[in-house]
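Trainee: Listed below, chain by chain, are the residues.
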Amino acid sequence: MPPINFLLQGNASTELIYSFIIIICSLMIYHATKEMYQLSSYKGIKYFRQAFLFFAIAYFFRYSIKFLLAFFDAKGILETSPMFIGIISLFFYLYFTSMAIFYLLYSIIWKNNSKNSRRLFYIFNIVALVIALVGIFFTGPEMPFILNIILLIIAFIVLLTNQKDYKKKKERNLFIIYTLLFIFGSLNIIDILVPDFFQFFQMALYLASISIFMIILYKVLKRVGD
Amino acid sequence: MGKRAKLEIMKDILEIIKKNKNSIKPTPLLRKSGLSSASFKEYYVDLIRRNLVKEVINKEEKFIILTDMGFRFLERYRSIVDFIEEFDL
Chain A
1 MPPINFLLQG
11 NASTELIYSF
21 IIIICSLMIY
31 HATKEMYQLS
41 SYKGIKYFRQ
51 AFLFFAIAYF
61 FRYSIKFLLA
71 FFDAKGILET
81 SPMFIGIISL
91 FFYLYFTSMA
101 IFYLLYSIIW
111 KNNSKNSRRL
121 FYIFNIVALV
131 IALVGIFFTG
141 PEMPFILNII
151 LLIIAFIVLL
161 TNQKDYKKKK
171 ERNLFIIYTL
181 LFIFGSLNII
191 DILVPDFFQF
201 FQMALYLASI
211 SIFMIILYKV
221 LKRVGD
Chain B
227 MGKRAKLEIM
237 KDILEIIKKN
247 KNSIKPTPLL
257 RKSGLSSASF
267 KEYYVDLIRR
277 NLVKEVINKE
287 EKFIILTDMG
297 FRFLERYRSI
307 VDFIEEFDL
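So the sequence lines, in the order shown, correspond to chains A and B. Residues 1 to 226 in the working numbering are what the first sequence lists, from first letter to last. Residues 227 to 315 in the working numbering are what the second sequence lists, from first letter to last.
Where hints are given, some of them may not hold.
Each computed BS3-like pair below joins lysine-lysine, with the alpha-carbon atoms no more than 30 Å apart [what the hints assert, rightly or not]:
id, chain 1, residue 1, chain 2, residue 2
1, A, Lys34, B, Lys267
2, B, Lys232, A, Lys115
3, B, Lys237, A, Lys46
4, B, Lys280, A, Lys43
5, A, Lys111, B, Lys232
6, B, Lys251, A, Lys46
7, A, Lys43, B, Lys245
8, B, Lys267, A, Lys115
9, A, Lys34, B, Lys244
10, B, Lys247, B, Lys258
11, A, Lys46, B, Lys232
12, A, Lys46, B, Lys280
13, B, Lys258, A, Lys43
14, B, Lys237, A, Lys219
15, B, Lys232, A, Lys34
16, B, Lys285, A, Lys115
17, B, Lys267, A, Lys46
18, A, Lys219, B, Lys288
19, B, Lys267, A, Lys222
20, A, Lys111, B, Lys247
21, A, Lys34, B, Lys285
22, B, Lys285, A, Lys43
23, B, Lys258, A, Lys111
24, B, Lys280, A, Lys34
25, B, Lys258, A, Lys222
26, A, Lys115, B, Lys288
It is worth saying that the hints were derived from the structure and are not from the lab.
Just chain B, with the same shape it has in the complex (with noise of 0.2 Å):
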């Protein structure tokens, strides 16, 4: 999987989070992003340690939100990738 591959994937986590209102448990979400479960911790860790998505606890269940930069990721993910791929990096 290439690199670019990598924030592609961020992209369609944070965007299934927004699509459910900003809300969604953990097991959906691994089901919705079509990731093996190894994979899925992965991204998901690294989500979490980037502050680009965060755990709540509502009625003792888990659930997972954006946090700002998570939102602003998505707006700027378009941007993001254009500028990659205009200097090659």
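Chain A extracted, bound-state conformation (with noise of 0.2 Å):
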């Protein structure tokens, strides 16, 4: 059966302050930048702003039925339905992963793809759609896993192919953070696939991909704000 112990497994109040602060850190870079594209329209602007929507909706739906657990007592919606509540949550949560991953992605290259980004945004749709299908309906975490994984090389080829020039230091940074953003969202995905996989790394994983998000939001309210 599908995961759905991801719901239930280990301290329910670190992982809920957790997806808190990304969900918080998500929704303020959406909202520090909702100026800039009001005014200028900008096509990058907006993809990059829907990543982080993306990640934003990704984490509530990871941890909103701990968060209904852990105040309110909301135990009867498990015990009632527990499998049901599990698979849409997962369903959500590796559909809007992949989905933020694809337009960050997307906020990079866009300038050269232009004229095939409806094509392009459907390919993002059901590859998807793939990954959270997969996801939920395969018994072992050895599909879900190999997909991740190929994600995670196209997403580092694709970084890789737009380096303009790895010697200006700007780009440098830019190409680290996304490269570890990426390693850090698949890393994410495995652990809740395989609930072991990081029993005793999952704090560590939490804290990094905290500083992730952290780093990304200082850099935006600092331009955000000159």
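Take the two lone chains, each set in its own frame, and fit them into one complex as the hints suggest.
Mentor: The following block contains the structure:
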């Protein structure tokens, strides 16, 4: 069966705080760039914002049920239909995380692919749906694991081919941040699909993921506040 | 013409209007912008659509002025360009 135990495992409060910080960071990035987009209507900013909106939605689904359990004592929800809630949450988490990664990549490469944008968005949706469906229908973790590794490799190749001048400090920093973001995005998915995979390093994974979102938020606020 | 160049041209047009005491007729604006009339028309329509400039009629003559959003665009232009460069958008 699908790994619904991601709703039940681990320390609920740690995971709630973790997802809450990621959601807040993502929404702050989305909100802080609103005026820039309204003034410029620049498509790169639009895709960048949407990527972080998708991250916020993904993390909302990841632990929304835990929030209900922890603060509203809504255990009845899980008792009546645990599989359904687990599957729905997992599906949306996988779908929106994949979409966030695609949109962040597209925010970088859209200038060279604006003629194919409609086709690319169809492909993004289809691939994200496939990843989400594989995540909920495959009994073992191997297939979702392989799909995520493939997604990670594709993201890395796109980043690498888009790298214009690695010697430029600014571009090198962005390349490193996005690479880490994609790696930790994938590790978070694996963390859900393979419950004991990171049992000793889960806290390190959470801290690293939060640090990356914080760095991006800091860079955004620094520019927005100029 | 790259996409970032488009933002720069928009900024240049808005600056011409601002430097002209925020009121200029379409023909001098076209001349000062250095664009072809077809290209200028495209930008002009786009600027009105985005609510960065608007047309006003004064003594039966048409003038172009900046809106509040137009002024805000000029204020924020440097930040927008820096942000685009920072994240390679």
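Trainee: In ascending order, which of the hints set out earlier in this document are inconsistent with the structure?
Mentor: 6, 16, 18, 19, 20, 21, 22, 25 and 26
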